[in-house]
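Enquirer: Given next are the chains, with one letter for each unit.
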Amino acid sequence: MKLTRISLIFAFVLSVFILSIIIYGFVEVNPRYVLALLRDREFLNAVFFGVKTSVIATLFSAIFGIPSGFFLARSDTFISKLIDSFFDIPLIIPPLVVGALLLTFFNAPFVKTFYSFIFTASGATVAQFFVAFPFSVKASKNAFELISPTYERIAMTLGASNIASFYDTTFKLAFNGILSGLVLTWLRSLGEFGATLMVGGGISFKTANIPINIYLKMTEGDFDKGLAASVFVVILSFVMVVFIKSFFKKPKNLE
Amino acid sequence: MIEIAIEKRLGKFDLSVNFSVNKSKCVIFGSSGSGKSSLLKMIAGFYNPDYGSIKINDRIFFSSEKKINLSIQRRNVGYLPQEYTLFPNMTIKENIEYGIKKRKLKDKMGIENLAERFNIVNCLDRYPYEISGGQKQRAALARALIVKPDILLLDEPFSALDKPIREELRELVADVAKTFSIPVLFVTHDLEEAFVFGEEIVIIKDGRVVEFGDKEAVFENPRFVDTAQLVDFGNIWKIKGFFDNYIELENGLKLTCENIDKSAKYCCIKPENVMILRKDTDISDKENKIETVIEKINFRGRYINLVAKTDDGVLIYVNIPPHILGKMSLDEGKNIIISVKKESIVFCRE
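So the protein lines, in turn, are chains W and B.
All residue numbers for the first sequence refer to this note's numbering, where the first residue is 1 and numbers rise by one.
All residue numbers for the second sequence refer to this note's numbering, where the first residue is 1001 and numbers rise by one.
Calculated directly from the structure, the hints in this document are not laboratory data.
Some hints here could point you the wrong way.
Simulated crosslink set (DSSO-like; lysine-lysine; CA at most 30 Å straight-line) [claimed, not checked]:
1. K81/W / K1008/B
2. K81/W / K1012/B
3. K172/W / K1104/B
4. K172/W / K1012/B
5. K1101/B / K172/W
6. K1023/B / K1055/B
Take a look, some chain W residues computed to stay more than 12 Å from chain B by CB distance [said to hold, decoys possible]:
7. I22
8. Y33
9. F48
10. S80
11. I147
12. I154
13. M156
14. F175
15. G201
16. T219
17. G221
18. D222
19. F223
20. V234
21. V241
Facing chain W, according to a computed beta carbon distance under 8 Å, are these residues of chain B, among others [claimed, not checked]:
22. A1044
23. F1046
24. Q1073
25. V1077
26. G1078
27. P1088
28. V1147
29. G1234
30. W1237
From the three backbone atoms N, C-alpha and C, an ideal C-beta is built for every residue, glycine too.
The shape of chain W in the complex, shown without the other chains (with noise of 0.2 Å):
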């Protein structure tokens, strides 16, 4: 047998495995509950904030990611290695330590005098920050080490500025691994528990996202609603990956 054919084999086991548990909850699910959702006011403060604090810490991952990436991408020092490797901290430590290691810092005397972060939605929005940034920096750094600088420097001796050269060339070629990293920092902040439960406190109403409501509610045993709430979210999710990635179309393809 083909290579191909076997590790087809392992592709489709995992695909089953997939399936069958969204298929599941998606049987499972009482119709009724999920329209139930609409008028609960609970889960759709939760949604609220849930998009609210997300959209916030992807635009934060988007300008200190990119040029972060592009950084890591050109630069071939210790110290471009150093740092990237500080970059994988926050993905291989639990968000539930992030956000144990936050509120520590956000507790601290300087900070605290500063600004109170502590059950705040700022301070949910940090938490999301710190677990899901290295994502927009890995998927920018990728993007960019794919382009030549070859495309700048030939810009450049045809008259464009240094930023002009770059925007044109490398950031436009760039942009679609660029994006999709920005789309999963998205998708990582908006389910975000630990961190932003840590920091956030989970109130209802004022610091609880998406996941901790579906939490809430599974701990007071509406298992129901709790079903229902997942199952809204696997929709959710796909709508907007579907309609981001159709949005920005994909441009005309590398050589």
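Take the given structure of chain W and dock chain B to it, following the hints.
Expert: For chain B alone, coordinates are given in the frame of chain W:
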């Protein structure tokens, strides 16, 4: 007019280059890794030398002494590398227009005219990935020319292309260099390309210029043995002793010569200048007759390379046109007499 005297440390590699050339078609010739590509990038301004100066057409691009360092944009060079040339996210037309828009120039040549001349009219609305390698490099050349650069820097731009297309494009470059009167600096590791294109040649080896000057002088009469090796002098022999009208070589051969240069360490002979003598004719007046046996026959396409061996085991390389092989019924193991003319012996220093 190109005057360059620079030093640059690139990791463990030292580039120390010093030359000046005047003609409009110059070739920098050297094997891969000799530093010729880095040199071109420093002329374009992609990075800077550690010390020295770069002067093109009386404009100083860089001078560590005078603290001059023109930006890439102000150097106004056309740069054409082997790959990553056209912007993949733009059509061919957008690519060619790019420089005009950025420099806010009026398109005096006309994109259509230029495209016609470069034979890429039907490519204008396509993307780079939709056209062939030759068309890409044509378009890139058009894009570089339309902004009227002061010099064209070509970094092995055609090396990845098939031979006929490579030759065609080389001729196109020679043609535009003449009609637009733009000097061209052409980097290559291909001997034939260097020979055909260049009026002046700069030979570079291990980050150093070995020799530079007019093509004929460099190719036919190199002064240094490193150059002789690079320009395919197949027979390079160390000299043991000088006499009035002959030299003795370390391998035992004695060659009659004229204009003996006693400061030389090597004598070099191109394989195409070694002759095979016909035994049925009078050969008494031929110089430097050597009896040999054909050791090996190598087919090289346009010519045939023979390895002839003397009784003492000295190998002599001979290039002949293919038809000679049958005409003289040459075969491996056959005895032949070869002859080296006095004037084809070149004396080289170390």
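Enquirer: Which numbered hints are broken by the structure, listed smallest first?
Expert: Violated: hints 4, 11, 12, 13, 14, 29, 30.
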